[in-house]
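Protein chains in written order, with the numbering used here: chain A, 1 to 500; chain B, 1 to 328; chain C, 1 to 328; chain D, 1 to 310.
Among these hints, one or two may not hold up.
Said to hold, decoys possible - Cross-link-like lysine to any residue pairs, in silico, SDA-like; alpha carbons within 20 Å at most: (1) Lys147/C x Ile305/B; (2) Lys192/C x Gly367/A; (3) Lys139/D x Val227/D; (4) Lys373/A x Gln303/C; (5) Lys147/B x Gln303/C; (6) Lys139/D x Ser33/B; (7) Lys61/A x Gln22/A; (8) Lys216/B x Asn73/A; (9) Lys192/C x Arg376/A; (10) Lys192/B x Gly111/A; (11) Lys53/D x Leu298/C; (12) Lys341/A x Gln208/B; (13) Lys439/A x Ala384/A; (14) Lys217/A x Gly238/A; (15) Lys439/A x Leu413/A.
To be verified - If you want the footprint, here are the derived chain B segments under chain D, 3+ residues with CB under 8 Å: (16) 15-21; (17) 207-217.
Hints in this document: simulated from the structure, not taken from any laboratory. All C-beta atoms, glycine included, are put in the ideal place defined by N, C-alpha and C.
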Amino acid sequence: MSSSVLSLEGIRKSFGPVHALQGVDLHVRAGEVHALVGENGAGKSTLMKILSGVYRPDAGKMTLYGAPYAPANPLDGRAAGVSMIYQELVLAPHLTVEENVTLGDEHARYGWIRPRTREVERILGDLGQQGVAPDARVSDLSIGKQQLVEIARALLFDARIVVMDEPTSSLAADDTQALFEAIGRMREQGLAVIYISHFLEEVQEVCDRYTVLRDGKMISTGRVMGTPVSRIIEDMVGRSVDELFPSGDHALGDPLLDVSGLQGRRGVPANVCFTLRRGEIMGIAGLVGAGRSETVRTLFGLDSARSGALSIRGREALRVAWMTPRAALDHGLDLLSENRKEEGLALNLSLVFNLTLSDLRRYSRAGFLQLGKERRDGARWVDALRIRAGSVEQRADELSGGNQQKVCLARLLQQDNDILFLDEPTRGIDIGSKAEIYKLVHRLAQQGKAIVMISSYLPELLGVCDTLGVMHKGRLSAVRPVPEWTEHRIMQFATSGYDA
Amino acid sequence: MKKPRNYKAMLSEIGPLLGLIFVFALFAALTPSAFTSFYNVKTILTQSVIIGIAAFGTTFIIVSEGIDLSVGSQIALTTVIVAAVLNLPGGDPGIFWPLLALAAGVLACTGVGAFNGFVITKFRIVPFIVTLGSMQIVRGIAKWIGKEQTVPTPDNWLTNLMLIDPSPSWLLFGPGVWLALALLVVSAALLKYTVLGRYTFAIGSNEQTARLCGVKVDRMKIVIYGLGGLLTGVAGVMQYSYLTVGDPTTAVGLELDIIAAVVIGGGSLSGGEGSVVGSIVGALIMAVLRNGSNMLGLPNYVQEIIIGAIIVGAVLIDQQKHRLRTAG
Amino acid sequence: MKKPRNYKAMLSEIGPLLGLIFVFALFAALTPSAFTSFYNVKTILTQSVIIGIAAFGTTFIIVSEGIDLSVGSQIALTTVIVAAVLNLPGGDPGIFWPLLALAAGVLACTGVGAFNGFVITKFRIVPFIVTLGSMQIVRGIAKWIGKEQTVPTPDNWLTNLMLIDPSPSWLLFGPGVWLALALLVVSAALLKYTVLGRYTFAIGSNEQTARLCGVKVDRMKIVIYGLGGLLTGVAGVMQYSYLTVGDPTTAVGLELDIIAAVVIGGGSLSGGEGSVVGSIVGALIMAVLRNGSNMLGLPNYVQEIIIGAIIVGAVLIDQQKHRLRTAG
Amino acid sequence: SSSDESGADGAAALEIAVVPKGTTHEFWKAIHAGAEKAAAEFDVDVIWQGPQKEDDRQLQIQVLQNLISRGVDAIVVAPLDARSMARPVEAAVARGIPVVVIDSGLESDAQSSFIASNNYEGGRIGGQYLAEQLGGAGKVVLLRYQEGSASTTNRERGFLDALGEYAPDAELLVDNMYAGATMALALQVSQNILNRFPEIDAIFTPNESATQGMLRALETAGRAGDVTLVGFDVNPILLDAMWDGTLHGLVVQDPVGMGYEGVKAAVSILRGGAVPERMDTRTILVTPDNIEDAEIQELLYPDFDRWLDN
Ligand SMILES: Nc1ncnc2c1ncn2[C@@H]1O[C@H](COP(=O)(O)OP(=O)(O)OP(=O)(O)O)[C@@H](O)[C@H]1O
Ligand SMILES: Nc1ncnc2c1ncn2[C@@H]1O[C@H](COP(=O)(O)OP(=O)(O)OP(=O)(O)O)[C@@H](O)[C@H]1O
Ligand SMILES: [Mg+2]
Ligand SMILES: [Mg+2]
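Chain A extracted, bound-state conformation (with noise of 0.2 Å):
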């Protein structure tokens, strides 16, 4: 058991200037769960892609079942038994379940595809999807079951090792258990498991070992049990977090922001009313697919609203259904999108096009763009923020993720709007940014802005926020104090929308 079945010595990757991977060892054993943690852009995701073959390394070599192993592309890494679940959506939309489970491991016989319903069937099943029919186009899924999807790939396919990229990123509660029930089930018959993850809970649930890499070189490895996680933390980010949540007092003030009624095109959200005052930071939990994400949107014009009003700083009441971004934006009311890529960044163009973008008000005179002064400021706003950047000129799609994130959050604070509607403001962000961006939302709170913060990540939610609703098939709870409210709590309303 204790032989390694797969080994990585010395990998190393560059991507032009950038050292992704420099030296890297890993080894896993045949019937354990090997977590790999790091901070972003730590080369976790890299290191995975080498692994499956989508990247040739630059150096170092790899051992699978004691031979030599050196793929040239998915295909091959596929044929040595590596499985693998990636972080972003690999799925066809157009294609229905069962043609997207068997992608690329399709049965034919002279090129006719033999249908393998039956077995897309058990997998679904084993993972406790019962409900998704396997001729359900992929599109009309929510991005939870899609996430469902792709799993169910890698357990169709008959892998020797199994690698998950942050499966449980848009998972539901109770999907998260079945599959760590799959990894179980695998973990049993004898199959190795990596599993990529930035909660480290879920990593002290179902994970034998762990390996801790910090910028593209391996730190530490060892036991997870017995292995407190503050040890784990100080590997990562090089230095021990000791205040994850900020803490200081900011007072609460008038009424900024009253929602009522508010009602979406697909009925999601349904009835939702809120009010938020100056000072105030709302947290909003939920399942995936609560409307979470759809209440925010709808408000700030993105998807169109069936009824529903809100009044800004006590005026009179807008009607929901007019509202558009440019509207909400000169309104005051600002939004960070959960997904950057898709809703966020204008990729191809510049780190300072990207910045002043939703306010080209301030830096023209007659339509003409003041491009000094714009440049100016951006580079005010790479400095206040760290951003890593050579200049302000570079494209965006040059930065690491974290990095991006923060382009996005720096085009809100220099909108300087009061009312900001962060939707998952730290996904797939490591832990010693969250703790930034934890005290930057602090500092604009204290400063008297007015913050709406949804996530799926409960202990972010309690230790940032002042108030918290729970959203459940698009009703809002009624809005407490965080102290009122219990974990218990929380799941109870999301799950069921029953609030004791």
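We have chain A already, so just place chains B, C and D with the ligands on it with the hints.
Only chains B, C and D with the ligands this time, still in chain A's reference frame:
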């Protein structure tokens, strides 16, 4: 559990069919006798053969999120090559030489298609640009081979393929129509029931996914464009048969008609959607419109306006349907 | 902090320029005296005016990740409308009527462009399809207005715009060249230094992000396509001036040349990239090639093959540059 | 065919540009042959250059402009449009390059000479013959060529006039359909016309591609030979059809003569001679009855290869 999906899939193929029936009925009502005569139906079918066969190939390309603007030039190239081979010294218009000419024409287009695919995948240039370039290059080559002239050919059996009245009259339709029908069945089966077809859809739906799932995307694309070229080559032979000469200036802009046929038939330029049956229906709709307008004596410009409106209209209706489905 | 970026941006504009210099030098070496004569340079410039002006508009559209296939038809429509207005009863070829004709032509195209933008945004249909449809519709309308004929017009000052030798000879170039130059400056400034231009880039780079940032995407697109139509209309007036008649069958397929010019000049069909200066350089490269080939007495097919190869080659080189940049 | 040997023997040969409407019809090949024949005879160089796309006025203007820039000694042009081409022709003359217009008229007085078949007369000949074949009555179709083409419009006019004169009882079924620029278009339209009128007696088509398209349509419909078809211009396929009895009459021009006379006129202007302002080349009716005459044979089967090396 299986029904709703099939039902939906059928709906998206039935849509264009209803359109075809509507257009046909409309003209039948306006010009009763001449339009609906069996002979005229045969004419319409024959006139759809070329665009139809080329559209089968383009369907694969469009489903894979590609586009091929060089189809018209490829057709011209085929007619010229067929004519040139038939004129080779020592050639005689028996069975063999025309067969050789046919093979040469089809092979040349398959080569052009595969080359397009190669450049697209090897250098990662968008298909629009690559095929915009090869559209000109192939046209130039066709003119070069044809010495900038139409190339007359001796009589041979190839020129009988596109006759409206077939020579053994029990055939009912000309050989071209039967050939198109056979290719329809083969292409539809290829696209729906084989690994090739499945990968075509997967690449069009999400190329990255296909790649990560072990589909050899580059090689597949070369195959897809090559297949497109092959079918275009067959269409080119039909065009030769239609014209009985090699004409390097023929079929200018025909690719747009072909793309329109695919799109009217439910194909989506953003990939992942389309069907061979839909595409032939699209081709038929356009042929019926042209034929019917001539029957009515409508001027060309009215035809053009109607066809333009139908292209947009078809996509619009398709989209409403999708919306309905998502909502329901 | 300022240098590297500007240097890079310049490089991507200098690339096509180097290409132009290379092509020019090549032909200058091959046909020394005639090709580099001032008169021939004037000829080349005049011949680039139409594609150039239309390419300015298409640059905006392509930068915003759109495409307009109806440009050729719009140009034909303009020539016909200008001719029709000039032939109105009561019209006289003084200053006023030609101005009215010009305005009518430009306005019509602006309308077509804005309508394209409206359909694209309102019904969420991809621009390729919408403009493929309007390409046919507009062509039909042009033929309808022109009664399927070329429309002769009385002599008037509009027809002097595209003369190679201007009438006051101190002008050096014909008024058309000067107009193109003025529009070049205006369009380049619009795209680079105004909010409109910035929004065009933002929409092309990521439409959803632009929406989130408060850009009124739908309205902007209508403006962009309208602006494209406006410039196309001006190009159409130039075409009329060139032909001196209204011709509903002119400029078939010209949109592809125009798109090629934009792409050769560094525009990307996936949006967010392109420059007005690059586009005019692209147009010039094509004009130099045509002219030089004529000078050398190269047959047409050689020209076609060369231009096709250059389209692909330009994009290929552009791409290598990008890769270099990412790597370096 | 064209050459650029500039001044190997000191004095460069005169460069005479010949600009056809297109390059793909047999007709233009014959003009080219005639031009080369004259070039050999008068010891000048012919530059043969046409627009890239058939029927593209803009491209023909560009070709003319480029030839002016190049500084050729004279231009012989078959204008695609009577008015559009006037400007560039005038520009050429203004720069001291004499222009001879062939085939189709030009609305300008800048050109030195206009050499063409009498298209109207050619149309009349065809119309008269068709009327005789009909015996004075029957159902007739006129498939026009293309919007805005002067020479074919004159042929169509001549045809209609003669038809009215010699067959007043004939019924004209269609005269508003256009064949379009290429044979493929002509064929499709022809098929649809044939379906629309099952009872056609005779058809007139005013140029090569329209005639060939209609002939092919008759063949695909199995009606070739049953319907009297009278066309205009000639190519080997049309001649074969006449031998087969599926084509009943062709009005042929003398393109070799036209090309020859065009270059000859240009040369004599350059060498200081006088040329007539207007010169008609022949239009002759070829029918199965006279096709074997020696004179016709020479017209129909000119020896291109003597002059063209491709
Ligand atoms: N294709 C690429 N081109 C350039 N740089 C890249 C590329 N992929 C990754 N990088 C860089 O390599 C480094 C490691 O990235 P990687 O995705 O492996 O991090 P990670 O540990 O998975 O982080 P996260 O927790 O955010 O997923 C980062 O600095 C990233 O910016
Ligand atoms: N484009 C869409 N088409 C169909 N249904 C959608 C679409 N977008 C959202 N929904 C549905 O609307 C509901 C609310 O989604 P929303 O994204 O607001 O949830 P959420 O609570 O923010 O979850 P997440 O954590 O995934 O962001 C879900 O049931 C989802 O399936
Ligand atoms: Mg990662
Ligand atoms: Mg959400």
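Evaluation of the provided hints:
1. Lys147/C x Ile305/B: holds (14 Å)
2. Lys192/C x Gly367/A: holds (11 Å)
3. Lys139/D x Val227/D: Since the Cα atoms of lysine 139/D and valine 227/D sit roughly 10 Å apart, the hinted pair holds (cutoff 20 Å).
4. Lys373/A x Gln303/C: violated (48 Å)
5. Lys147/B x Gln303/C: Holds: lysine 147/B and glutamine 303/C sit about 14 Å apart, inside 20 Å.
6. Lys139/D x Ser33/B: holds (19 Å)
7. Lys61/A x Gln22/A: Distance of about 13 Å is within 20 Å: holds.
8. Lys216/B x Asn73/A: holds (9 Å)
9. Lys192/C x Arg376/A: holds (18 Å)
10. Lys192/B x Gly111/A: holds (11 Å)
11. Lys53/D x Leu298/C: It holds: about 15 Å lies between the C-alpha atoms, which stays within 20 Å.
12. Lys341/A x Gln208/B: holds (16 Å)
13. Lys439/A x Ala384/A: The hint holds at about 13 Å.
14. Lys217/A x Gly238/A: Status holds; Cα separation ~12 Å.
15. Lys439/A x Leu413/A: holds (14 Å)
16. 15-21: The restraint on the segment 15-21 of chain B is violated, since only 0 of its residues have a Cβ under 8 Å from chain D and three are required.
17. 207-217: With 0 residues in contact (Cβ-Cβ under 8 Å with chain D), the coverage given for the segment 207-217 of chain B is violated.
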